[in-house]
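Student: Sequence:
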Amino acid sequence: MGKGSNVQKKQQAQLRNAKDRGKTEEERKAAAAKATVDKAAFKCELCLQTFMISSKPPLLWQHVQAKHPAGTSPTACFPELLKDFDPNDPLGEKKAAELKAAAAQAAAVPVKKKVVKKNDDLDSLLDAGLTKGKKK
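Counting along the sequence shown from 1, when you hit position 6 you're at 134 in the working numbering, and nothing is skipped either side.
Simulated from the structure, these hints should not be mistaken for lab results. Using N, Cα and C, we set each Cβ at its ideal position, and we do this for glycine too. Warning: the hint list may mix true and false statements.
Unchecked claim - The following label-pair restraints were derived from C-beta to C-beta distances:
| no. | residue 1 | residue 2 | range |
| --- | --- | --- | --- |
| 1 | T164 | D212 | 50 to 60 Å |
| 2 | Q233 | V165 | 55 to 65 Å |
| 3 | T152 | K223 | 39 to 49 Å |
| 4 | A256 | A234 | 21 to 31 Å |
| 5 | K223 | Q190 | 14 to 24 Å |
| 6 | A163 | D217 | 48 to 58 Å |
| 7 | A230 | G257 | 49 to 59 Å |
| 8 | L227 | K184 | 44 to 54 Å |
| 9 | R156 | T200 | 36 to 46 Å |
| 10 | N145 | D217 | 53 to 63 Å |
| 11 | A229 | E153 | 52 to 62 Å |
| 12 | N145 | K223 | 50 to 60 Å |
Said to hold, decoys possible - When the alpha-carbon atoms are kept at most 30 Å apart in a straight line, the in silico DSBU-like pairs for lysine-lysine are as follows:
| no. | residue 1 | residue 2 |
| --- | --- | --- |
| 13 | K184 | K157 |
| 14 | K162 | K184 |
| 15 | K211 | K184 |
| 16 | K211 | K162 |
| 17 | K171 | K223 |
| 18 | K222 | K195 |
| 19 | K171 | K211 |
| 20 | K162 | K137 |
| 21 | K137 | K157 |
| 22 | K138 | K151 |
| 23 | K171 | K222 |
| 24 | K138 | K184 |
| 25 | K195 | K223 |
| 26 | K138 | K162 |
| 27 | K223 | K211 |
| 28 | K147 | K137 |
| 29 | K195 | K171 |
| 30 | K184 | K171 |
| 31 | K222 | K211 |
| 32 | K147 | K162 |
| 33 | K157 | K147 |
| 34 | K171 | K157 |
| 35 | K184 | K222 |
| 36 | K162 | K151 |
| 37 | K184 | K223 |
| 38 | K137 | K151 |
| 39 | K184 | K195 |
Assemble the whole structure, with the sequences as input and the hints as a guide.
Tutor: Here it is as structure tokens:
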């Protein structure tokens, strides 16, 4: 009777200890590799400073303005990221509003269908051999 409860206690303790151990060696290596890739996601071409993958274009723009001489092109530092960046609209709200307005305008223009009117009046139908209707 006592052995059964000790076995269960031992199994529960082993499960608790397995959770406390944390990651395996392979999991640690994979996490370290991902962290190094993410850490050097954005790299300034001029000063080679690295930025995290979560860095947004306003932060990169601020780096160009603060760390490099005046007149330095932002695309010289970050060619792919800052080619369409507008410093007057750092969050891209104006551009999004313009695109939304253009889409709404394109959708607002209805396409008119051509309606072919038939100029067949009653006399022309009667001449063709049609009758006015059934006689009762």
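Student: Starting from the hint list further up, note which numbers the structure goes against and sort them upward.
Tutor: 1, 2, 4, 6, 8, 20, 21, 24 and 26
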